[in-house]
Each structure stands twice: as C-alpha cells, then as structure tokens.
Amino acid sequence: EAAVTQSPRSKVAVTGGKVTLSCHQTNNHDYMYWYRQDTGHGLRLIHYSYVADSTEKGDIPDGYKASRPSQENFSLILELASLSQTAVYFCASSEGGGLEQNTLYFGAGTRLSVL
Amino acid sequence: AQKVTQTQTSISVVEKTTVTMDCVYETRDSSYFLFWYKQTASGEIVFLIRQDSYKKENATVGHYSLNFQKPKSSIGLIITATQIEDSAVYFCAMRNTNAYKVIFGKGTHLHVLP
Numbered sequence: 001e002a003a004v005t006q007s008p009r010s011k012v013a014v015t016g017g018k019v020t021l022s023c024h025q026t027n028n029h030d031y032m033y034w035y036r037q038d039t040g041h042g043l044r045l046i047h048y049s050y051v052a053d054s055t056e057k058g059d060i061p062d063g064y065k066a067s068r069p070s071q072e073n074f075s076l077i078l079e080l081a082s083l084s085q086t087a088v089y090f091c092a093s094s095e096g097g098g099l100e101q102n103t104l105y106f107g108a109g110t111r112l113s114v115l
Numbered sequence: 116a117q118k119v120t121q122t123q124t125s126i127s128v129v130e131k132t133t134v135t136m137d138c139v140y141e142t143r144d145s146s147y148f149l150f151w152y153k154q155t156a157s158g159e160i161v162f163l164i165r166q167d168s169y170k171k172e173n174a175t176v177g178h179y180s181l182n183f184q185k186p187k188s189s190i191g192l193i194i195t196a197t198q199i200e201d202s203a204v205y206f207c208a209m210r211n212t213n214a215y216k217v218i219f220g221k222g223t224h225l226h227v228l229p
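Chains as they are written, first to last, in the numbering used here: chain S, 1 to 115; chain G, 116 to 229.
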C-alpha cells in the first residue's frame, strides 16, 4: 500500500509570512503532485515533479514554489502567504510512465488557514 | 488543452439503487487514461477505477463500472446496489499518455439515503 505523508496536517499562517508544506512518500514513486482543494473548484494542480531536482508548473502555480530535493520528498512553498491561499492542500504520488502504473496515491491533506 | 467537466454538483439516491455520475473530458491526444476517485467525509481520497482510451471494454471493479463513450468524450461512473458508505464526493480525472499532468473535475457529491 502506497504511503504518502503530509506535514503539518493543519496550519494557521499570517498574511505575508512564509509557509512550507511537506510531503514524503515511501514507495519509490517517480511522480509527485501538489493539488489545492477549494469548495466548488475540485482539485486543481499547482506543481508536479517527475524526477528529483526538477519541478513543473501545473495549472495554478502563481504564488507557489515547489522543491523536490529527493525522490521521496516534495515541498510546496508559499513565500508570501495571502488570504486567497486558504485551502486544503493534497500531495500525491504515482509511479507514472508505464500503462499500469499511473494511479495516484494521496496524502491526508493539509488544512491551511491564512489570517 | 485538457479539461474535465462534471456538471452534477450533488446527487441523492436511495440505498440499493443504481446511480450514474457523468463526466466529459477534452483532450487533443489520441491516447489517454481516465480515472475516478472517491473522497470520503474524512477527506481521504482513494482511487476507484480506470479506463484506458485504447480499450473498448468498459472497466468494472466490484460494484463500480464505467460507461466509456469515446465519440462523446464521456466517461460515466455507475455504482450498482449503492450503500450508505458510498456517500462521498466522486472526482473524474484524466491524464494524457505522454504527459505527467493529472487533471480533475470539480466533483459530484453523492448522498445515499436509507
């Protein structure tokens, strides 16, 4: 069973502050993703990565940076947190590549409140 | 560009009946994967079922099955003999074969009533 761990599980941040959300997976997956969930918007892709030391922009990357220092770890960084970034953030991983290996395994989510 | 659309925001059904949730998608690629995921009340998101675009047969897993209509760019999720614990939000998603992005729809909230 794939294991994706997010930390922290919840966080309250101040406007203008820096926030780092962490994700760790133990399944040797190549692909990792950060999604944002807001009511009425479903899951929207922020950043993703298919190899260590490389990240790609998703559909809503503005205001976010990502870092993939190793295959296991993928961080989402909010340099200047804003009220509009209040949401639940999900990390996911996937083997990717071949035809059978592209199921996403999700972490439990991080609830971020920016005040 | 890729796009996934779920027009049904919320559906209510009586338990033990069958429900169909709709999903249409847009892609320029000829090869792609379509998925359905379930988000429970606790927030957990789990994979349910997948359809590969090159396969004509509809995928089936347990009491979940798909209605894949490629000419209509449609991939419906059918749940038969619904149970109270099927109450959740269901997301449709897609990924082009030669891409890494996985795009989701906005979700359909299913309420299964006793």
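These are calculated hints, taken from the structure and not from any lab test.
This one's a predicted model, so the numbers in the text were calculated from it and none came from an experiment.
Please note: incorrect hints may appear among the correct ones.
[Said to hold, decoys possible] Derived DSS-like pairs: lysine-lysine, alpha-carbon spacing no greater than 25 angstroms straight-line:
| # | chain 1 | residue 1 | chain 2 | residue 2 |
| --- | --- | --- | --- | --- |
| 1 | G | K118 | S | K65 |
| 2 | S | K65 | G | K221 |
| 3 | S | K57 | G | K216 |
Status of the hints after comparison with the structure:
| no. | hint | verdict |
| --- | --- | --- |
| 1 | K118/G - K65/S | holds (23 angstroms) |
| 2 | K65/S - K221/G | holds (24 angstroms) |
| 3 | K57/S - K216/G | holds (10 angstroms) |
Hint violations for this structure: none, all hints satisfied.
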